[in-house]
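Asks: So you can see what is in the structure, the chains are spelled out below.
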Amino acid sequence: MNTLSALRSFGQWFAEFRQPGRGSSWLVGILLLVTLTMSAANLLLPADSPLYVSTYTITLMGKYLCFAMLAMAVDIIWGYCGILSLGHGAFFALGGYGMGMYLMRQIGDRGVYGNADLPDFMVFLNWQELPWFWFGMDQFWFAVLMALLVPGLLAFGFGWLAFRSRVTGVYLSIMTQALTYALMLAFFRNEMGFGGNNGLTDFKDILGFDLQADGTRVALLLATTLLLVLAFLSSRAIVQSRLGRVIVAVRDAEARARFLGYRTEHYKVWLFVYSALIAAVAGMLYVPQVGIINPGEFSPLNSIEVVVWVAVGGRGTLYGAIVGALLVNYAKTRFTALMPDAWLFALGALFVIVTVYLPRGLAGIFERFAVGMRREKHGEKSWRENSGQLSAGEVSA
Amino acid sequence: MKFLLHSLWLVAALLLPAGSPLAQTPPTAPAVGELLQQIPNASLKKTGELVQQLEQAGGAEMRPLFEAMLAGELYAVKESDKLVAVTKDRAGRLVGREIFNDRKLAAFASRDLKKIRVNNRLRSQLRDAIARIDLLHGSEEQQHAAVLSILDDLSSQNMRLLRSAETAGASAQVQEVIALADAMVQLRDSRVLEERLAAIEIMSGRLEAPVRNQLQRLLNDDGEQEVAVKAAAQKALDKIAGRVEFYGQMEQLFFGLSLGSVLLLAAIGLAITFGVMGVINMAHGEMIMLGAYTTYVIQQLMPGAIEYSLLLAVPAAFLVSGGVGVLIERGVIRHLQGRPLETLLATFGLSLILQQAVRSIFSPLNMQVVTPGWMSGSLVINPVFSLTYNRLYILLFALAVFAALVAILKKSSLGLNVRAVSQNRDMAKAMGVRTELVDAMTFGLGSGIAGVAGVALSQLTNVGPNLGQSYIIDSFMVVVFGGVGNLLGTLVGGFSLGVANKFLEPATGAVLANIIVLVCLILFIQKRPKGLFPQRGRAAE
Numbered sequence: 001m002n003t004l005s006a007l008r009s010f011g012q013w014f015a016e017f018r019q020p021g022r023g024s025s026w027l028v029g030i031l032l033l034v035t036l037t038m039s040a041a042n043l044l045l046p047a048d049s050p051l052y053v054s055t056y057t058i059t060l061m062g063k064y065l066c067f068a069m070l071a072m073a074v075d076i077i078w079g080y081c082g083i084l085s086l087g088h089g090a091f092f093a094l095g096g097y098g099m100g101m102y103l104m105r106q107i108g109d110r111g112v113y114g115n116a117d118l119p120d121f122m123v124f125l126n127w128q129e130l131p132w133f134w135f136g137m138d139q140f141w142f143a144v145l146m147a148l149l150v151p152g153l154l155a156f157g158f159g160w161l162a163f164r165s166r167v168t169g170v171y172l173s174i175m176t177q178a179l180t181y182a183l184m185l186a187f188f189r190n191e192m193g194f195g196g197n198n199g200l201t202d203f204k205d206i207l208g209f210d211l212q213a214d215g216t217r218v219a220l221l222l223a224t225t226l227l228l229v230l231a232f233l234s235s236r237a238i239v240q241s242r243l244g245r246v247i248v249a250v251r252d253a254e255a256r257a258r259f260l261g262y263r264t265e266h267y268k269v270w271l272f273v274y275s276a277l278i279a280a281v282a283g284m285l286y287v288p289q290v291g292i293i294n295p296g297e298f299s300p301l302n303s304i305e306v307v308v309w310v311a312v313g314g315r316g317t318l319y320g321a322i323v324g325a326l327l328v329n330y331a332k333t334r335f336t337a338l339m340p341d342a343w344l345f346a347l348g349a350l351f352v353i354v355t356v357y358l359p360r361g362l363a364g365i366f367e368r369f370a371v372g373m374r375r376e377k378h379g380e381k382s383w384r385e386n387s388g389q390l391s392a393g394e395v396s397a
Numbered sequence: 001m002k003f004l005l006h007s008l009w010l011v012a013a014l015l016l017p018a019g020s021p022l023a024q025t026p027p028t029a030p031a032v033g034e035l036l037q038q039i040p041n042a043s044l045k046k047t048g049e050l051v052q053q054l055e056q057a058g059g060a061e062m063r064p065l066f067e068a069m070l071a072g073e074l075y076a077v078k079e080s081d082k083l084v085a086v087t088k089d090r091a092g093r094l095v096g097r098e099i100f101n102d103r104k105l106a107a108f109a110s111r112d113l114k115k116i117r118v119n120n121r122l123r124s125q126l127r128d129a130i131a132r133i134d135l136l137h138g139s140e141e142q143q144h145a146a147v148l149s150i151l152d153d154l155s156s157q158n159m160r161l162l163r164s165a166e167t168a169g170a171s172a173q174v175q176e177v178i179a180l181a182d183a184m185v186q187l188r189d190s191r192v193l194e195e196r197l198a199a200i201e202i203m204s205g206r207l208e209a210p211v212r213n214q215l216q217r218l219l220n221d222d223g224e225q226e227v228a229v230k231a232a233a234q235k236a237l238d239k240i241a242g243r244v245e246f247y248g249q250m251e252q253l254f255f256g257l258s259l260g261s262v263l264l265l266a267a268i269g270l271a272i273t274f275g276v277m278g279v280i281n282m283a284h285g286e287m288i289m290l291g292a293y294t295t296y297v298i299q300q301l302m303p304g305a306i307e308y309s310l311l312l313a314v315p316a317a318f319l320v321s322g323g324v325g326v327l328i329e330r331g332v333i334r335h336l337q338g339r340p341l342e343t344l345l346a347t348f349g350l351s352l353i354l355q356q357a358v359r360s361i362f363s364p365l366n367m368q369v370v371t372p373g374w375m376s377g378s379l380v381i382n383p384v385f386s387l388t389y390n391r392l393y394i395l396l397f398a399l400a401v402f403a404a405l406v407a408i409l410k411k412s413s414l415g416l417n418v419r420a421v422s423q424n425r426d427m428a429k430a431m432g433v434r435t436e437l438v439d440a441m442t443f444g445l446g447s448g449i450a451g452v453a454g455v456a457l458s459q460l461t462n463v464g465p466n467l468g469q470s471y472i473i474d475s476f477m478v479v480v481f482g483g484v485g486n487l488l489g490t491l492v493g494g495f496s497l498g499v500a501n502k503f504l505e506p507a508t509g510a511v512l513a514n515i516i517v518l519v520c521l522i523l524f525i526q527k528r529p530k531g532l533f534p535q536r537g538r539a540a541e
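Protein sequence lines correspond, in order, to chains D and Z. Residues in the first sequence are numbered from 1 upward in steps of one, following full-length UniProt numbering. Residues in the second sequence are numbered from 1 upward in steps of one, following full-length UniProt numbering.
Hints are computed from structural coordinates only; laboratory data are not their basis. There's no promise every hint is true.
Claimed, not checked - If you want the footprint, here are the derived chain Z segments under chain D, 3+ residues with CB under 8 Å: (1) 329–343; (2) 355–369; (3) 469–478; (4) 513–519; (5) 525–531.
As the list claims (entries may be wrong) - Derived DEER-like restraints, expressed as beta-carbon distance ranges: (6) D:Ile365 <-> Z:Gly323: 34 to 40 Å; (7) D:Phe140 <-> Z:Arg528: 56 to 62 Å; (8) Z:Ile381 <-> D:Asn190: 35 to 41 Å; (9) Z:Cys520 <-> D:Ala223: 57 to 63 Å; (10) Z:Phe503 <-> D:Asn190: 22 to 28 Å; (11) Z:Lys82 <-> D:Phe124: 53 to 59 Å; (12) D:Asn190 <-> Z:Gly205: 22 to 28 Å; (13) Z:Phe503 <-> D:Arg256: 43 to 49 Å; (14) Z:Arg528 <-> D:Tyr357: 36 to 42 Å; (15) D:Ala342 <-> Z:Phe503: 44 to 50 Å; (16) D:Tyr357 <-> Z:Leu94: 57 to 63 Å; (17) D:Asp252 <-> Z:Thr508: 40 to 46 Å.
In this text, a Cβ means the ideal position worked out from N, Cα and C, and glycines have one as well.
Build the full structure now, drawing on both the sequences and the hints.
Replies: Next up, the structure:
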């Protein structure tokens, strides 16, 4: 009896999963399967085997997954809440700098100047002692805490100010862009104490493991996958909950939601902070795999590129953001290797084509296709058709 | 850079027809010819003596020789010991010209030439000689400059020179400086207390550097016993310091206004499109860039008429950028009606394409846009305060563009339609305004003005593919700060941001000033989301 009810509730849960636009557990499965296979192929197979996966590929995959996580963070607020942030790269980079500071302290006296107390660039700038904000960054837990706390507080402060005074639409977008631009200018300054132009690099090891070792690389990839899956599941839980419905209501008709008694700015602030935290986690995972963090990560172009990944994949779907980030970045890697000049043309064209012709992205095509299949099978009106008005509203939001 | 401009200026001068005032007849006195013959083989010391004799023998006609010598452009042709002035042209070739009549000679190989050496002592001697020539024979400005340079060296010989200039009938401006020189000599040489105090009285408040130096020396001089003189000198110095400080502030203000005029030019087009259509054109910066490149192309097409190139570039840039703007509106933005965020993304994509296109067509490197003669140099108001002509003209130009735009919006039928659409699009449509056409025209107008801004910017910064990118955030800030749909707000916003930036700069450094202004703006917009001059009325949501 007990087993039966358990089975039934599992069936319901699964059925909910299977709904188009939400059902995306297959993505989790594929992600886990691919990364596990890649890891095994890297560690277990000999280097001359045709199925061997190089460490370079492992790192590349890890990098893509970090970008996917960042894209998902943007999708949560843009796709579900209608807040177009052109400055999410700032939270990503701040998280990255937090991790970079920890890794920098781990170098110890193995730097070029062999100074155990100060990172190389400070010795180079003739600084005598560690600035106050570098204290405690040699502890992993503290660095992680800071890497979450700082972007979180920044997002909270910014969101609180912006949403309370009802800054919306393009205003908000440009404000976020100005935010990341200002941070970029600030981090370029040597006096800031974050390595200026060159940023932080030359890392040696993390938690005592050598960063160049295959095992560490694979472990980092697996950690990234795991955290991406976790972030995906928790984000999906949020957008499917009652909270998520309010958020969608805010996106489609904020004034109406406010009149119904919801404190819309509270919802927006908390969602913004949540999204910034995910971006920060992505940044933290990105830095040890890429091996460098510099102020270029703050550049407005980076942040706006993230938006196009989401747009390509299809916003408001979560899985679309992940797929979009992976596809566009893979294309970028291939393109820049083959025809470096053409990449910006392609990226620019992608912006135009997706916004003009594919407002729902690849996920839109996929879902239209899936709905068509279902309708043929069941001969019934799809839920999407019933809510056709809503989806038109979504597009114009 | 300066050298290059200088040499280009010389090239431009060469292109003037012979017989113009710039060409001079060669000196005929036999003594001069003989002295000139000796220069190529003289020692440095001997050269000094020769210069002195040449000045006495040749007088004003020797000025071009001394100038070439001072600039280090004087060479002797090895075979004939003939003196020529040689400059490098853009291709790095050595181009020679006759010294006394500016006639162009064939290019030289460097092994055929021998440079006439000059040292610092000789240079100051040359400068003095030029000053003397200018003082007695030059135009009013040259006379003024010459008197000022004599303040550095108040020898009795120079003072006699001043006397003779005074009797030759110098202008009031020159007379005033001569009086100042007298006072300085008086203070130095006289032993009578009253005379010295009177001299300090004349010197007090003067901004010329030698005056300050002399007073400072006097204060530091322990041999000076007169307390009254020291006190008066201190007072005079304080007054001078106060004035220098004041003009320093004025200079900051001028730089601020100059930056403000650039921001205004960049932002004003954005203000129109944003005000009317509610969309942000992220490719606006690239319209500015296109304008700057148009200037470059026009200068390449007509290398003989650099002086007039800017006048032609303004309408050309307006047409090029405006045309591209209309294409963008018709091709992309029209399809995104009512979706401002998507418009933002699509235009950003276009900006990437335009940048890369310019990179492919021209090059990723910066292009050299020439500053015409009338734009270079500066308007000297006093020794510590001068306004560079390029910034001054751009400031005036920005105001003129602003005035023209206001006139278009207030007086023309297009302006009426634009204002109607920006206030209430649906109502305007119902009244028969062809909103689609208005949109396209507005977008073209805004982009065209961005192109014109590019022409102005090409005179201030490097012309490269990234030229526009750096202006988009700043321009948007100006628009938002001033209030959307309000041109006056854009004017006030542009100038106040520019001035704020420049006044913060000395205290904090350029980058930090930029950051502080950005952060203040972010906070300001939280407080007043609709800007300084919010749009009022029912349509203003």
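Asks: All hints, please: hold or fail.
Replies: Here is how each hint holds up against the structure:
1. Residues of the segment 329–343 of chain Z with a Cβ under 8 Å from some Cβ of chain D number 9, which satisfies the need for three, so the listed coverage holds.
2. Counting residues of the segment 355–369 of chain Z whose CB lies closer than 8 Å to any CB of chain D gives 5, so the stated coverage by that chain holds, three being the minimum.
3. Counting residues of the segment 469–478 of chain Z whose CB falls under 8 Å from any CB of chain D gives 3; the rule of at least 3 is met.
4. Here's how the segment 513–519 of chain Z fares: 4 of its residues keep a CB closer than 8 Å to some CB of chain D, so the rule of at least three is met and the hint holds.
5. Restraint check on the segment 525–531 of chain Z versus chain D: 4 residues with Cβ-Cβ distances below 8 Å, three needed, restraint holds.
6. At about 35 Å, the CB distance of isoleucine 365 of chain D to glycine 323 of chain Z agrees with the hint of 34 to 40 Å.
7. Judged by the Cβ atoms, the range 56 to 62 Å given for phenylalanine 140 of chain D and arginine 528 of chain Z is violated: they are separated by roughly 44 Å.
8. Evaluation of the 35 to 41 Å hint for isoleucine 381 of chain Z and asparagine 190 of chain D yields a pass: the beta carbon distance comes to about 38 Å.
9. Cysteine 520 of chain Z and alanine 223 of chain D have their C-beta atoms about 41 Å apart, which leaves the hinted 57 to 63 Å range violated.
10. Under the hint 22 to 28 Å, the C-beta atoms of phenylalanine 503 of chain Z and asparagine 190 of chain D, about 24 Å apart, fit the expected range.
11. Look at lysine 82 of chain Z against phenylalanine 124 of chain D: about 56 Å separates their beta carbons, and that is inside 53 to 59 Å.
12. For the pair asparagine 190 of chain D and glycine 205 of chain Z, the supplied restraint of 22 to 28 Å is violated, since their beta-carbon distance comes to about 42 Å.
13. Checked against the hint of 43 to 49 Å, the C-beta distance between phenylalanine 503 of chain Z and arginine 256 of chain D comes to roughly 46 Å, which is consistent with it.
14. Range check, arginine 528 of chain Z to tyrosine 357 of chain D: Cβ separation about 38 Å, and the 36 to 42 Å hint holds.
15. A hinted range of 44 to 50 Å for the beta carbons of alanine 342 of chain D and phenylalanine 503 of chain Z is consistent with their spacing of about 45 Å.
16. Restraint check, tyrosine 357 of chain D to leucine 94 of chain Z: a C-beta distance of roughly 60 Å satisfies the suggested window 57 to 63 Å.
17. As the Cβ distance of aspartate 252 of chain D to threonine 508 of chain Z is approximately 44 Å, the hint placing it in 40 to 46 Å holds.
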